[in-house]
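J.: Take any residue in the sequence shown, note its place counting from 1, add 149, and you have its number in the numbering used here.
Certain hints may be false.
Unchecked claim - Distance windows between CB atoms, simulated:
id: 1; residue 1: Gly201; residue 2: Val772; range: 22 to 28 Å
id: 2; residue 1: Arg228; residue 2: Glu510; range: 46 to 52 Å
id: 3; residue 1: Glu572; residue 2: Arg439; range: 17 to 23 Å
id: 4; residue 1: Ala580; residue 2: Ser317; range: 32 to 38 Å
id: 5; residue 1: Leu251; residue 2: Arg439; range: 25 to 31 Å
id: 6; residue 1: Leu251; residue 2: Ser337; range: 37 to 43 Å
id: 7; residue 1: Ser337; residue 2: Leu254; range: 42 to 48 Å
id: 8; residue 1: Glu800; residue 2: Gly598; range: 48 to 54 Å
Honestly, the hints are just simulated from the structure, not real lab data.
Each residue gets a CB set at the ideal place from its N, CA and C atoms; glycine is no exception.
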Amino acid sequence: MTARTVSVGVDVGGTFTDFVMVHASGEVSAVKVMTTPDDRSVGVMRAVDESGVNAGAIARFVHGTTVVTNLLLERAGTRVVLLATEGFTDLLWLRRQERASLYDLTRDHRLPLIAHDGAMSDVIAVRERVAPRWIDHGERLAAPLGVEVLTPLSTAEIQRVVKAAVASGAQSFAIALLHSHVYADHESQLRDALLEAIPDASVATSHEVLPEIREYERTATTVVEAYARPAVRRYMQRLSDVLTDRGIPTPRVMTSAGGTLSATDARTHAASLALSGPAGGVTAAAAWCRVLGIANALTIDIGGTSADVGLVVQGEPLIERGGDVDGIPIALPRVLVETVAAGGGSIGRVDEGGALHAGPESAGAVPGPACYSQGGTAATITDAHVVLNHIGEGAWSGAVHISRAHAVQAVQALAAPLGRTIEHTAQALIATADATMARALRRVSVERGLDPRDLTLLAFGGGGPLHACGLADALGMTRVIIPPFAGVLSALGLALAPERHDAIVSLMQRTDAMSDQALHAAWEAIVAPYAEANSPLTSKAWARVRYVGQGHEIEVPLAAGMLVEQLVRRFEAMHVELFGFAMERDTEVISVRVVMEGEWWPFHIVGDTSVLQATVAGPRTIVLPDATLRVAEGWTASALAVGGWELLRDEHV
Numbered sequence: 150m151t152a153r154t155v156s157v158g159v160d161v162g163g164t165f166t167d168f169v170m171v172h173a174s175g176e177v178s179a180v181k182v183m184t185t186p187d188d189r190s191v192g193v194m195r196a197v198d199e200s201g202v203n204a205g206a207i208a209r210f211v212h213g214t215t216v217v218t219n220l221l222l223e224r225a226g227t228r229v230v231l232l233a234t235e236g237f238t239d240l241l242w243l244r245r246q247e248r249a250s251l252y253d254l255t256r257d258h259r260l261p262l263i264a265h266d267g268a269m270s271d272v273i274a275v276r277e278r279v280a281p282r283w284i285d286h287g288e289r290l291a292a293p294l295g296v297e298v299l300t301p302l303s304t305a306e307i308q309r310v311v312k313a314a315v316a317s318g319a320q321s322f323a324i325a326l327l328h329s330h331v332y333a334d335h336e337s338q339l340r341d342a343l344l345e346a347i348p349d350a351s352v353a354t355s356h357e358v359l360p361e362i363r364e365y366e367r368t369a370t371t372v373v374e375a376y377a378r379p380a381v382r383r384y385m386q387r388l389s390d391v392l393t394d395r396g397i398p399t400p401r402v403m404t405s406a407g408g409t410l411s412a413t414d415a416r417t418h419a420a421s422l423a424l425s426g427p428a429g430g431v432t433a434a435a436a437w438c439r440v441l442g443i444a445n446a447l448t449i450d451i452g453g454t455s456a457d458v459g460l461v462v463q464g465e466p467l468i469e470r471g472g473d474v475d476g477i478p479i480a481l482p483r484v485l486v487e488t489v490a491a492g493g494g495s496i497g498r499v500d501e502g503g504a505l506h507a508g509p510e511s512a513g514a515v516p517g518p519a520c521y522s523q524g525g526t527a528a529t530i531t532d533a534h535v536v537l538n539h540i541g542e543g544a545w546s547g548a549v550h551i552s553r554a555h556a557v558q559a560v561q562a563l564a565a566p567l568g569r570t571i572e573h574t575a576q577a578l579i580a581t582a583d584a585t586m587a588r589a590l591r592r593v594s595v596e597r598g599l600d601p602r603d604l605t606l607l608a609f610g611g612g613g614p615l616h617a618c619g620l621a622d623a624l625g626m627t628r629v630i631i632p633p634f635a636g637v638l639s640a641l642g643l644a645l646a647p648e649r650h651d652a653i654v655s656l657m658q659r660t661d662a663m664s665d666q667a668l669h670a671a672w673e674a675i676v677a678p679y680a681e682a683n684s685p686l687t688s689k690a691w692a693r694v695r696y697v698g699q700g701h702e703i704e705v706p707l708a709a710g711m712l713v714e715q716l717v718r719r720f721e722a723m724h725v726e727l728f729g730f731a732m733e734r735d736t737e738v739i740s741v742r743v744v745m746e747g748e749w750w751p752f753h754i755v756g757d758t759s760v761l762q763a764t765v766a767g768p769r770t771i772v773l774p775d776a777t778l779r780v781a782e783g784w785t786a787s788a789l790a791v792g793g794w795e796l797l798r799d800e801h802v
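Using the sequences and the accompanying hints, generate a full structural model.
T.: Structure representation (structure tokens):
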């Protein structure tokens with residue numbers, strides 16, 4: 150029997166499907182094929198075949214899925230009925246009472262995922278109510294200690310709600326009741342009654358999805374879970390069946406937070422998969438930062454359809470408490486990724502005012518850029534690089550054959566209304582895309598108190614090495630790293646990523662009324678079941694701390710044995726670091742976030758040692774196995790002993 154010694158990572162992008170194998174020896178190999186939009190599993194299995202890997206040798210199969218992202222973008226999820234506390238059924242429409250655009254009074258928010266229009270409403274009001282029970286300490290109120298049931302959830306009310314749910318004809322339900330993050334009994338009773346009445350129903354409860362304060366975000370996230378869970382279940386089952394039929398283990402899935410879940414766990418954590426694919430790239434970039442001893446870095450992953458910007462801080466991907474996808478809040482931990490429509494397939498166009506734009510429309514995998522000779526006629530970023538000879542003619546990875554004649558024809562059509570040469574138009578199209586990506590890189594770094602000029606830029610994806618120098622120049626950066634396997638780095642990140650489970654426990658306690666034991670109790674409660682099961686996973690924890698009266702928190706790393714007093718001092722230091730000041734005000738702990746994480750898959754680079762002493766001065770193009778590196782004028786590239794390239798501005802060589 151063949152030993153299972155290979156970890157596989159598969160990143161299904163809008164244009165290419167990347168397939169990476171990390172062998173037990175640590176050696177890495179990769180295959181790139183065109184994505185098959187109609188049925189993406191076809192492209193995945195094509196990559197399996199082209200890789201030549203023995204199915205019996207695959208120990209694990211990890212991939213980044215765009216299922217949840219696409220469901221939200223296309224509004225193609227399952228119909229969901231929301232069960233909410235009476236009097237609080239309009240939370241998804243009230244939001245935070247912020248305008249969609251500060252200065253554009255005509256712009257509206259995207260509609261919530263729940264139907265709620267006059268006679269047609271998929272919201273059921275539940276007659277129940279609980280309230281926090283506060284402890285009075287003289288002139289101030291300490292944090293709540295439990296809740297007070299103001300309106301019990303009666304048996305008759307449960308029967309009424311379930312009857313309305315059955316009558317709706319829906320099969321997926323979201324239950325989000327007021328203060329359920331500290332009192333889950335009412336949600337649990339409704340869930341059990343619904344499943345008894347509709348055994349095949351999918352029911353998501355907010356105390357299981359996001360047990361934390363902020364009713365709007367908790368409700369919205371629970372609705373996303375209910376909206377996407379049925380499709381994720383079907384997808385995971387279909388993919389598992391295809392793989393097991395070939396003798397390949399059931400898949401693991403990358404989460405938005407940069408770890409992996411089993412197919413079984415993924416079926417009940419659909420909302421945590423919203424940024425499954427892009428997280429793999431930042432995860433792998435962070436691994437290379439640790440190898441090279443780089444503390445802080447900006448990352449740019451330029452694919453065929455979009456560019457994903459991320460941030461590495463102290464050698465780790467920056468994890469945020471949440472964000473939104475197409476205007477839908479998902480308040481679950483996720484690797485910071487900002488996506489802009491500036492991929493290699495982004496189509497150039499001239500607007501009515503004569504201005505040149507790159508994207509957001511993309512040529513995608515079908516028909517692809519004009520130079521692919523697959524029927525595409527619109528000029529794309531890739532065509533511009535071909536015109537400027539940054540990309541040469543002939544066969545490339547992914548079964549692509551580059552035609553310069555078709556690229557010239559497409560860019561010429563774009564140049565005509567501008568009255569410019571094709572070379573000038575190609576340069577302008579690339580500069581336009583660079584400007585879009587540079588703005589995203591500034592937002593990710595400057596808004597978090599980091600100066601891009603003090604950071605290293607890690608560029609990867611098929612287009613990252615082509616644009617790296619231009620982006621660094623725009624931001625005043627002096628150092629660029631092109632990691633090995635740059636064109637498939639996201640898939641490599643998937644293959645290497647450890648198992649990971651995230652959990653959140655609500656505390657809502659002021660630090661001046663909190664014991665050191667209480668600070669660690671939530672952490673210990675989450676870890677205990679893993680310890681009892683002799684799990685190899687290790688834990689890390691963060692306390693979400695704020696000044697009393699603030700509307701946002703800072704995640705402060707917890708250490709074993711840390712005292713409350715030490716936590717407060719660390720919080721104040723981080724507040725100064727992030728915002729430039731501290732306050733003379735009491736603090737409170739909102740919640741504790743715990744991560745249980747396994748080991749990374751071991752790897753090392755076995756590359757072409759003949760280039761390890763190579764130094765290349767720009768302007769120059771270097772053809773990589775899965776991407777193209779453009780060394781711009783004023784830059785010098787040096788091959789790294791660990792694989793990949795380091796680029797420095799000449800004045801710093």
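J.: Could you run down the list of hints and mark each one as holding or not?
T.: Tested hints:
At about 23 Å, the beta-carbon gap between Gly201 and Val772 stays in the expected band of 22 to 28 Å. Restraint check, Arg228 to Glu510: a C-beta distance of roughly 30 Å breaks the suggested window 46 to 52 Å. With their beta carbons about 41 Å apart, Glu572 and Arg439 fall outside the hinted range of 17 to 23 Å. For the pair Ala580 and Ser317, the supplied restraint of 32 to 38 Å is violated, since their beta-carbon distance comes to about 53 Å.
Checked against the hint of 25 to 31 Å, the pair Leu251 and Arg439 fails, with Cβ atoms roughly 40 Å apart. For the pair Leu251 and Ser337, the beta carbons lie near 41 Å from each other, so the given range of 37 to 43 Å is met. A beta carbon spacing of about 44 Å between Ser337 and Leu254 agrees with the range 42 to 48 Å that was offered as a hint. Look at Glu800 against Gly598: about 27 Å separates their beta carbons, and that is not inside 48 to 54 Å.
Of the numbered hints given earlier, the model fails hints 2, 3, 4, 5 and 8; all others are met.
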